[in-house]
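Chemist: Next come the chains, spelled out residue by residue.
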Amino acid sequence: MQFTALQIATLIKGKIEGDPDAKVSHVAKIEEAGAGSLSFIANPKYEEYLYTTNASIIIVNDTLEVLEQVKPTLIRVKDAYSGFASLLEKYNEIISRKGRNGIEQPSFVSKSASIGKDVYIGAFTYIGENVIIGDNVKIYPGCYIGDNVVVNEDSQLFAGVKIYDGCSIGSRVILHSGAVIGGDGFGFAPQKDGTYRKVPQIGNVIIEDDVEIGANTTIDRATMGSTHIRKGVKLDNLIQIAHNAEIGENTVIAAQTGVSGSTKLGKNCIVGGQVGIVGHIQLADGTRINAQSGLSKSVNEPNQALTGSPAFDYKSSLRSQAIFRNLPELQQRIYKLEEMVAQLSSQLNNQELKEK
Amino acid sequence: MQFTALQIATLIKGKIEGDPDAKVSHVAKIEEAGAGSLSFIANPKYEEYLYTTNASIIIVNDTLEVLEQVKPTLIRVKDAYSGFASLLEKYNEIISRKGRNGIEQPSFVSKSASIGKDVYIGAFTYIGENVIIGDNVKIYPGCYIGDNVVVNEDSQLFAGVKIYDGCSIGSRVILHSGAVIGGDGFGFAPQKDGTYRKVPQIGNVIIEDDVEIGANTTIDRATMGSTHIRKGVKLDNLIQIAHNAEIGENTVIAAQTGVSGSTKLGKNCIVGGQVGIVGHIQLADGTRINAQSGLSKSVNEPNQALTGSPAFDYKSSLRSQAIFRNLPELQQRIYKLEEMVAQLSSQLNNQELKEK
Amino acid sequence: MQFTALQIATLIKGKIEGDPDAKVSHVAKIEEAGAGSLSFIANPKYEEYLYTTNASIIIVNDTLEVLEQVKPTLIRVKDAYSGFASLLEKYNEIISRKGRNGIEQPSFVSKSASIGKDVYIGAFTYIGENVIIGDNVKIYPGCYIGDNVVVNEDSQLFAGVKIYDGCSIGSRVILHSGAVIGGDGFGFAPQKDGTYRKVPQIGNVIIEDDVEIGANTTIDRATMGSTHIRKGVKLDNLIQIAHNAEIGENTVIAAQTGVSGSTKLGKNCIVGGQVGIVGHIQLADGTRINAQSGLSKSVNEPNQALTGSPAFDYKSSLRSQAIFRNLPELQQRIYKLEEMVAQLSSQLNNQELKEK
Chain A
1 MQFTALQIAT LIKGKIEGDP DAKVSHVAKI EEAGAGSLSF IANPKYEEYL YTTNASIIIV
61 NDTLEVLEQV KPTLIRVKDA YSGFASLLEK YNEIISRKGR NGIEQPSFVS KSASIGKDVY
121 IGAFTYIGEN VIIGDNVKIY PGCYIGDNVV VNEDSQLFAG VKIYDGCSIG SRVILHSGAV
181 IGGDGFGFAP QKDGTYRKVP QIGNVIIEDD VEIGANTTID RATMGSTHIR KGVKLDNLIQ
241 IAHNAEIGEN TVIAAQTGVS GSTKLGKNCI VGGQVGIVGH IQLADGTRIN AQSGLSKSVN
301 EPNQALTGSP AFDYKSSLRS QAIFRNLPEL QQRIYKLEEM VAQLSSQLNN QELKEK
Chain B
1 MQFTALQIAT LIKGKIEGDP DAKVSHVAKI EEAGAGSLSF IANPKYEEYL YTTNASIIIV
61 NDTLEVLEQV KPTLIRVKDA YSGFASLLEK YNEIISRKGR NGIEQPSFVS KSASIGKDVY
121 IGAFTYIGEN VIIGDNVKIY PGCYIGDNVV VNEDSQLFAG VKIYDGCSIG SRVILHSGAV
181 IGGDGFGFAP QKDGTYRKVP QIGNVIIEDD VEIGANTTID RATMGSTHIR KGVKLDNLIQ
241 IAHNAEIGEN TVIAAQTGVS GSTKLGKNCI VGGQVGIVGH IQLADGTRIN AQSGLSKSVN
301 EPNQALTGSP AFDYKSSLRS QAIFRNLPEL QQRIYKLEEM VAQLSSQLNN QELKEK
Chain C
1 MQFTALQIAT LIKGKIEGDP DAKVSHVAKI EEAGAGSLSF IANPKYEEYL YTTNASIIIV
61 NDTLEVLEQV KPTLIRVKDA YSGFASLLEK YNEIISRKGR NGIEQPSFVS KSASIGKDVY
121 IGAFTYIGEN VIIGDNVKIY PGCYIGDNVV VNEDSQLFAG VKIYDGCSIG SRVILHSGAV
181 IGGDGFGFAP QKDGTYRKVP QIGNVIIEDD VEIGANTTID RATMGSTHIR KGVKLDNLIQ
241 IAHNAEIGEN TVIAAQTGVS GSTKLGKNCI VGGQVGIVGH IQLADGTRIN AQSGLSKSVN
301 EPNQALTGSP AFDYKSSLRS QAIFRNLPEL QQRIYKLEEM VAQLSSQLNN QELKEK
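Chains as they are written, first to last, in my numbering: chain A, 1 to 356; chain B, 1 to 356; chain C, 1 to 356.
Do not rely on the hints blindly, as some may be mistaken.
What the hints assert, rightly or not - Computed beta-carbon distance windows for the label pairs:
1. 81/A <-> 333/B: 50 to 56 angstroms
2. 44/C <-> 297/B: 27 to 33 angstroms
3. 13/C <-> 114/B: 37 to 43 angstroms
4. 197/B <-> 68/C: 32 to 38 angstroms
5. 297/B <-> 43/A: 50 to 56 angstroms
6. 69/A <-> 270/C: 47 to 53 angstroms
7. 45/C <-> 86/B: 55 to 61 angstroms
8. 34/A <-> 270/C: 30 to 36 angstroms
Claimed, not checked - Selected chain A positions facing chain C (Cβ under 10 angstroms, derived; list incomplete):
9. 147
10. 150
11. 160
What the hints assert, rightly or not - The list that follows gives simulated cross-link-like pairs (lysine to aspartate or glutamate, EDC-like), each with its CA atoms no further than 20 angstroms apart:
12. 198/B <-> 89/C
13. 354/B <-> 355/A
14. 336/A <-> 339/C
15. 198/B <-> 153/C
Because the hints were derived from the structure by calculation, they are not lab data. Predicted model only: the values in this text are computed from it and were never measured. A virtual CB, placed ideally from N, CA and C, is assigned to each residue, including glycine.
Input sequences plus hints: build the corresponding full structure.
Modeler: Next comes the structure, spelled out in structure tokens:
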């Protein structure tokens with residue numbers, strides 16, 4: 001797909017400087033941009049590239065002073081970075097299926113399901129009984145929406161998302177491919193003969209508005225009640241959220257982290273990748289956890305930073321880690337001390353003997 | 001769905017005390033139960049809620065003494081917890097597809113496949129050649145069952161399960177969405193030019209009876225022979241079981257743990273989340289491993305508890321971890337000792353000089 | 001499926017010793033082989049099994065000397081291991097769908113898609129607009145191939161693979177079930193009110209030739225440009241590769257490892273399972289990383305071995321880990337030293353007092 005400088009300037013309300021017919025077919029960072037590229041310069045540090053780049057169109061700040069002749073067509077806007085970002089969003093909408101409508105065949109839509117306006121349902125997608133799909137929801141091919149599920153307006157489900165019965169998905173939610181919402185929580189009662197009896201998991205998962213959930217992430221249904229993913233939460237790929245957990249508003253979690261059963265994360269927490277959080281604890285609002293940490297205790301004070309497995313406060317933990325690296329040296333110092341003390345001791349005892 | 005006290009009492013053979021027409025639409029813990037809730041009290045500690053709860057129906061022990069007037073309808077049974085649990089199981093059967101039969105369209109069932117009685121095959125499910133599906137098996141939409149696979153009676157495959165050719169699934173097995181059974185083991189022979197040549201993986205996976213496997217968990221086929229998941233094993237979500245591994249009877253493994261190739265876990269082991277276990281080792285029966293541990297050596301004695309990465313016995317490991325947190329203080333003590341020893345040494349030498 | 005000694009000898013150009021009509025139905029290690037088994041002996045250590053095994057056919061080296069009578073039919077080739085391996089490869093081709101052609105129904109193939117010769121497209125697979133599928137590509141049931149994707153010749157996509165729009169897959173690539181290629185990178189700009197605004201991810205993923213990618217592994221598309229998986233890379237199951245990362249030629253990564261955004265791994269690296277690698281770093285060619293390590297800094301020198309979290313060089317790290325296990329003892333030695341020093345000090349001071 002090609003766009004002209006005129007088209008772009010119109011979209012982002014910018015002023016053209018140069019050839020309005022200049023064409024671009026892709027975007028690139030200014031330091032990597034070749035012919036046919038659209039790029040942007042927001043930071044003065046990058047202004048030098050203006051005179052050497054082969055980019056065809058560059059979005060720049062209103063205030064940029066051009067000191068020499070430049071080859072690319074410039075588009076001036078108040079804030080080049082915002083202009084570029086909103087352009088990407090518009091581009092993304094064009095190339096994505098946001099513009100698609102209708103029900104592709106073959107698909108399976110239960111008669112009791114209620115489907116909103118401007119909905120796209122891809123082929124091989126299954127919509128169970130009593131499902132409610134809000135306006136403008138886009139469901140890619142090969143999804144499974146169990147009975148009694150609600151998906152609110154403007155949400156996007158990429159190919160192969162699976163939602164078990166009775167779960168609820170908010171508005172403007174994005175679920176990536178392979179995400180599994182509402183699988184049974186991992187609950188088994190040990191029996192006397194060493195076997196386990198399954199504890200029925202009859203709760204559900206509630207995902208609130210503006211949440212994004214990564215590819216192949218799994219969120220288990222509650223034993224009773226709900227596993228809650230609050231408004232604005234962003235989860236990366238391959239994350240595990242266990243039954244009855246709650247992830248607070250605007251909390252962000254990186255890939256491969258696991259949150260165990262009944263644990264509650266506060267609002268605006270930032271959790272690194274491959275973190276493990278045990279069950280039945282609380283993390284206060286604004287808690288920040290380093291990658292690969294293991295949380296075994298509640299964090300009661302807000303806005304703490306923790307690291308390590310088991311995790312404790314960030315600065316002390318870094319200090320312990322630094323000493324850990326020097327343990328061989330530390331051990332040598334102890335051996336040395338033992339020798340010296342032994343020597344001092346014999347020296348002193350000899351003296352005392354002599355004195356007697 | 002609504003149920004009356006009379007219906008519930010009939011199901012669990014209980015005695016009604018109060019309004020037999022009281023209705024409930026959901027279940028809740030006694031401390032959270034509102035109007036329309038069914039709850040239970042098994043532990044005397046919770047009896048105080050009896051007089052304050054808004055629950056509509058409560059299952060209680062036969063022996064419970066009611067001291068004041070209570071609003072909810074009570075249903076008395078011998079063991080309130082068991083009564084409640086068996087009620088949940090029945091409820092779960094009603095709301096799940098356990099009651100479903102027949103082959104939804106469109107689906108793909110090979111002519112050479114053999115399908116038992118009372119089987120449900122959801123739309124978009126693919127049944128390969130020579131597959132054998134036992135009686136009362138329920139396969140949700142969008143599953144893939146490769147050629148020559150056997151799935152025995154009463155098993156449930158949730159939406160989007162994939163089973164590669166030649167694997168065998170026992171009776172009463174539950175496979176959750178996105179689980180992949182029988183993918184190629186990770187085996188490559190390094191070549192002189194730095195490339196790798198794939199070692200064909202022509203074994204299979206055998207899953208025995210009463211196993212439950214979580215969402216997006218992957219179990220690789222053996223290079224030759226079988227990867228074995230023994231009777232009664234419970235695996236959580238996002239677990240990796242490599243080729244030729246064996247998980248012993250009634251062993252339970254939490255989410256995101258990885259078991260490497262040819263490793264054998266004994267019976268009744270309990271493994272936490274995010275644990276890594278290297279290849280070609282054995283863990284004795286009853287081994288217990290803490291979350292995030294790394295096992296690099298066999299555990300020969302049964303019923304040991306281990307933690308840490310690399311893991312060693314639980315108590316020693318906790319002691320080392322505690323000291324790790326105090327390493328900065330310990331280091332200070334060493335520095336202090338060095339100063340003191342240096343001072344003692346010079347003091348002693350001065351003395352000796354004086355004496356000469 | 002059964003094969004005779006004659007058929008096998010013909011396939012691998014071997015010389016039969018014994019009954020050319022001997023039949024085998026499966027393969028097994030020599031120490032486990034029963035009747036009907038095909039096995040091999042390449043290592044002299046295993047020659048003793050020759051006289052005791054119940055295997056029906058054994059592939060042996062040309063040079064093997066038979067000292068007593070043997071029951072199984074022998075097939076002599078120059079290199080028994082290579083002969084066996086190439087036989088497995090041939091067997092694998094026969095039992096896999098490599099021999100399948102044609103488009104199973106129901107499936108969804110966009111009119112604008114271009115499909116090569118001898119392609120197999122399984123039922124319930126979705127091929128988007130402008131997709132190009134090369135000759136001899138085998139796509140199992142239930143896959144999703146987004147718009148503008150290219151899959152080059154001889155590649156295999158197992159059941160349920162999902163590829164987002166615009167990604168590119170090389171020749172002879174194997175993608176296992178549930179792999180997700182091209183999901184959005186995890187990029188969000190924090191806003192003043194504590195919410196996050198999605199940064200559009202408009203790049204793609206490029207997977208070069210001869211790559212194999214494990215079940216349920218996720219590889220995110222670049223923000224701009226491409227996430228690169230270079231020629232010959234082998235990725236195990238449940239791995240996360242973040243946006244704009246690059247995995248160098250012939251690098252091998254074990255299960256459940258995560259590579260963060262914009263990080264570049266060199267060629268011929270070997271990375272263990274459950275490793276975490278932070279964003280925006282480089283690992284030199286030939287870097288070897290132990291399981292469960294955490295890489296937080298670039299590795300500039302090639303062919304280094306690292307372990308630990310945070311990781312440092314393998315040997316020092318093992319030394320620190322060994323001392324970690326002995327920390328309680330080390331602490332006792334420090335306490336002991338403190339006592340001894342205190343005693344020496346008082347002893348010395350007493351002496352000095354006496355002298356005065």
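Chemist: Could you work out which of the previously given hints the structure breaks and list their numbers from low to high?
Modeler: 9, 10
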